[in-house]
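Colleague: The lines below spell out each chain.
Protein chains: 4
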Amino acid sequence: MKKSVAIIGATGLAGQQFIPALQNHPWFEIKTLAASERSAGKTYIDALREPSGSVGWWAEGFPSPDVQNMTVINSDDFDPTTVDVVFTAAEVEKEGVSKREATQALEARFAQARPTISTTSAFRYEDDVPILIPGVNNAHAALVKQQSQRGWKGFVVPIPNCTTTGMAITLKPLYDAFGINVVIMTSLQALSGAGRRGGVLGLDILDNVIPYIVGEEEKVQRETQKILGAFDGTQITPADFKVSCTCTRVNVQDGHTEAVFVSLAKPASVEDVKRVMSEYGRDIADLPSAPPQMIVLHDDPFHPQPKRDRDIHDGMATVVGRVREDPALPNGIKYVLLSHNTKMGAAKGAVLVAELMVREGYI
Amino acid sequence: MKKSVAIIGATGLAGQQFIPALQNHPWFEIKTLAASERSAGKTYIDALREPSGSVGWWAEGFPSPDVQNMTVINSDDFDPTTVDVVFTAAEVEKEGVSKREATQALEARFAQARPTISTTSAFRYEDDVPILIPGVNNAHAALVKQQSQRGWKGFVVPIPNCTTTGMAITLKPLYDAFGINVVIMTSLQALSGAGRRGGVLGLDILDNVIPYIVGEEEKVQRETQKILGAFDGTQITPADFKVSCTCTRVNVQDGHTEAVFVSLAKPASVEDVKRVMSEYGRDIADLPSAPPQMIVLHDDPFHPQPKRDRDIHDGMATVVGRVREDPALPNGIKYVLLSHNTKMGAAKGAVLVAELMVREGYI
Amino acid sequence: MKKSVAIIGATGLAGQQFIPALQNHPWFEIKTLAASERSAGKTYIDALREPSGSVGWWAEGFPSPDVQNMTVINSDDFDPTTVDVVFTAAEVEKEGVSKREATQALEARFAQARPTISTTSAFRYEDDVPILIPGVNNAHAALVKQQSQRGWKGFVVPIPNCTTTGMAITLKPLYDAFGINVVIMTSLQALSGAGRRGGVLGLDILDNVIPYIVGEEEKVQRETQKILGAFDGTQITPADFKVSCTCTRVNVQDGHTEAVFVSLAKPASVEDVKRVMSEYGRDIADLPSAPPQMIVLHDDPFHPQPKRDRDIHDGMATVVGRVREDPALPNGIKYVLLSHNTKMGAAKGAVLVAELMVREGYI
Amino acid sequence: MKKSVAIIGATGLAGQQFIPALQNHPWFEIKTLAASERSAGKTYIDALREPSGSVGWWAEGFPSPDVQNMTVINSDDFDPTTVDVVFTAAEVEKEGVSKREATQALEARFAQARPTISTTSAFRYEDDVPILIPGVNNAHAALVKQQSQRGWKGFVVPIPNCTTTGMAITLKPLYDAFGINVVIMTSLQALSGAGRRGGVLGLDILDNVIPYIVGEEEKVQRETQKILGAFDGTQITPADFKVSCTCTRVNVQDGHTEAVFVSLAKPASVEDVKRVMSEYGRDIADLPSAPPQMIVLHDDPFHPQPKRDRDIHDGMATVVGRVREDPALPNGIKYVLLSHNTKMGAAKGAVLVAELMVREGYI
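Protein chains in written order, with our numbering: chain C, 1 to 363; chain D, 1 to 363; chain Y, 1 to 363; chain P, 1 to 363.
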């Protein structure tokens, strides 16, 4: 029997993406859609309707008739004990408290009762909370046991920032095989990463690059170290290599491109690097949303390209090209990666986390 | 009295840009326009006309009536002794020899007789040829004296690749003040850098990033070391810091954006870095095409942006923003720069070189 | 002595454009900048600053230091008797009343005391209010005398919707010379026409066309007939030709392109049409903001192009190309026009109206 | 047993699209791939490889390993009797003859022996050649019998220009139900319509519209009248309504948008128009490549949008929105349509024609 799930923030850009990720899922079944007060009481399709009458649907495909006709409830009224798993993409704004505090309050209410998988950053930097990427740090899943000390019967697991995901995935096999001392990264990020509220105007990005994304660089630096950190059964010690990023926005719909420069701890040839990357990640092959290969390597130097490569393995692979020696760093290697920010980097990545937690017995 | 100049390759994208750079110039006067056989014998305006009848003019403004009516001659028939200075933007393709050899042959014919300023890479890596950026390595100009050993009465001076220009300009004050050990750079380059023949198709760059530009990374690495090298009066010793780049193409018309990470030899604060950059380059203030400031600093982290900043000081300034500490490199500093690839990085930059050579007595 | 002016809504996208249009104006001098309560009390430069610290300046050039340091006042507190002319770009939203009513209330308060030139649509369709395009319907200016019946000492004159402007300008010489029966038009409109609040997201316009702009088609149809209507000294009878439009949004920064198909009342050759267009509009040559030619004709069929032609005569000309016979309509003529929506179609067009009103003695 | 087919011009942008259209086809099997001399003798995948080593594959999906390993032959050496059907997308350039003559010569050589379906315009305007759109003018198929008078054992059937396709499909039900007097159309065409050789540069289309496409308007006008013409068993009399177009290029990858204004012969309400459109085209439902509906109607006025609607029914539907009364034309109706120019408008449309010819017994 399938496990029942709720999607919180189901009408937003990030929340919508849970619909195609969960419709027809072999293990999960959508039972509840929740959103803000404005949407409560409407059918899902009506809640998506904009003042103009246009349906604001931005994810892949389209909701099935069943989903269209589900009645959306107010997130504040949602009782998590009515489902088996909660997926949340809701960032809460409340007067008088920070966005993080308000969002933590919402997620804590769910986690008190049920396993909660979140695309938000609210709990990412808490000591008893893992940031999970299946195939990269499965062992960190056990950290959720610590959350029982909060008095919770469930737990919360956030996925990383979408810019962290592809980099952590590609660094992990290098870290395991050769060690890492320094990582320098410049990202060329897609528009969908900015969402719709407060999204980037066409006026601002046409014929342009925006060289700054608020808070992004700090997140990537911190999350990468935590995800690749050592876990002793009770706590994570962040990996001790150094990370520096410059994050920019370019005129691309989906797919974050990242130019990565790595100083390895031990020498490795370009062929060594390609080999460990292409062999990586086989321990999640049994999860329904897992790609056949976690890292897809291109030898054609004109790849990866966001438009042409982002949908490889339905947006769940990290696509790597231009692997070459770096002449400037000790044991230097450089490459370019592409990661689909609204698939592996968002809802579908969160569903993959839930699948891992089921397999590992936490759900 | 103004010095008379010829523009070789005057009908191409790069060559056209010499027209606005030289029309109404206080020191130079356009006397001759030369191009391939196909254009020879036509007026300039007719030579620009495409099969459709449309005038293929891609540079700023428009040629004056005088220039429009000049008769274009065949570059092979051009006698360099008829002018005082030769500007060339012509890359020559000839069966049986490499593009470099064919272009060298053309430029050598001019340099035998007259000072020749080139936007091509043909001579950039020759030992007796400086790559000049006025304000950065004026002293290297004297290297042209060595070229008399080739039996030349004139000389050739190339400008750097357009991606090198902005980076070398911003590194120079850091190098002088603090020393440099390592430079890591990712570029987000504009479409105009690819020219028109073999230019990037709209189909290929819409909603996309192209992560590779053939030969570009090697050029930037090598040229930066040469431009910042030490000159002992007879030869240049390349600067011994290390440079590594990843060069990408983005959907921007003009203006190369570069994310630069530098490991300095000595510690320097963000304020130190800003100060030496903003004070830099005052020894070319008397040249007509020089910008009032070589480096313009932005404190607003959302700048520099190609669309909004590329025309500062008419495309002759290098615009720098986001100067901050780099947490990953020893004495690390990182910043984002913007350089106008078809102005300071091309014809207008070449005219600035000619102005320097006049002032220094070489023309 | 220059006349003093106020700019209402001075911080918005439309209002900002009055700054470059009025800085250094030979007849007008900016005395007052007004905006919403949020900006009141701040210097203009500080009022432009966004939460990130970035200065939100979207118009051409940059405000002079004098303007930067002017203190912005609350539009509701602005006393119109303190200036000679009021320029307003403020659309008012107030609970309980329609946007039109709220904006009319604001503009009426100014018009009661002073000549008021507006870029909004609030008063455009009132019987005693002309929609002025200098050079097209100068005589309609006299309609403002009727506004004294409202008890106003001043008056209000709106400019047309930016999509109407270029079409009305090109139709007027045809209407005068040959008569018009039918006009069919499809517009390809620029992003800047949508403003910043509620502007088009990059996500939505990249690789896309939006085939609908709320309310636009009705405005264009109605305004064109009014502007070309007959004025008998007390009222305007709309021109009786028929107009039908489809208005679309394309991924262009500035400059509305319009494909126009006209059925003339009398036969006219392509040459006739070009002649009357190119000779048109000489009766405003003495106004400081008037372009040397109101209509610039291209014979090159690849023009007009927004990127290459929008800045002809500093955005004040309407650029026309592809004039040819229309095989489907009686006495059919078709052409493509380009009009700069944020220059002639907005603030600079409004300043041109004010210049006309000064010349005609109404200000 | 499946019929064997050859694809001529298989390496070009248009020819490649036959691969996904024919791989796994229930009735057809790819037997031969032919291209120019340059590709002959190479495997298909190697023939696609560009000088850089990059594989130039621009169509959907990717060739199957079988197809990748097929050896490409020279089109001039191809013997049409070796297959059952020839699909050709090759435009031939030969010195001394026009492109049309050279392409006719190639296609005639195939048609002499076998049924030949072409995406080129070479034979479109010949009296004994139908331009077929299955579902629109099936009866015209019988015109191919006339081609036996050329001494051909096979025949040639071209598909229309990609800009004609969607318009003819939407006009047909209107023509049948209400009659048509006048059609006025403005197109906003995608970049892929221009192909790769001579394709539109990124430089030229970024932030721009190109208001002219050589030869396009004449093709659309002429083809529409022929496709909707009356066929008496031996010849087609073009439909006698008038057509006028303005064809423009916009910055969109795939999908031509067209704003259509129609003067019907008899009055029809908006609901009538929607009804006849939505009911149209059921007589091809049994063809494997036919869409479930030929015309998909949108009530949301913000649709059709190329990015969001071009892939409906896998690019084989014509998507229509904004159906409304036209105030300017007698019995006027206007709407916006979207047609996928590289699917229904190209190779997949040609395969649909071949399917019809099989069903009707001509193949």
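Keep in mind the hints are simulated off the structure, nothing from the lab.
Hints are not guaranteed to be accurate.
All copies of an identical chain are treated as equivalent in the list; a pair is satisfied when it fits inside any one copy or across any two copies.
Simulated crosslink set (DSBU-like; lysine-lysine; CA at most 35 Å straight-line) [as the list claims (entries may be wrong)]: (1) Lys266 x Lys99; (2) Lys31 x Lys3; (3) Lys31 x Lys242; (4) Lys266 x Lys219.
Colleague: Now, for every hint given, state plainly whether the structure supports it.
Modeller: Hint-by-hint comparison with the structure:
| no. | hint | in the structure |
| --- | --- | --- |
| 1 | Lys266 x Lys99 | neither (42 Å within a copy, 40 Å between copies) |
| 2 | Lys31 x Lys3 | within (9 Å within a copy, 49 Å between copies) |
| 3 | Lys31 x Lys242 | neither (43 Å within a copy, 55 Å between copies) |
| 4 | Lys266 x Lys219 | both (27 Å within a copy, 28 Å between copies) |
Going through the hint list in order, the structure does not satisfy hints 1, 3.
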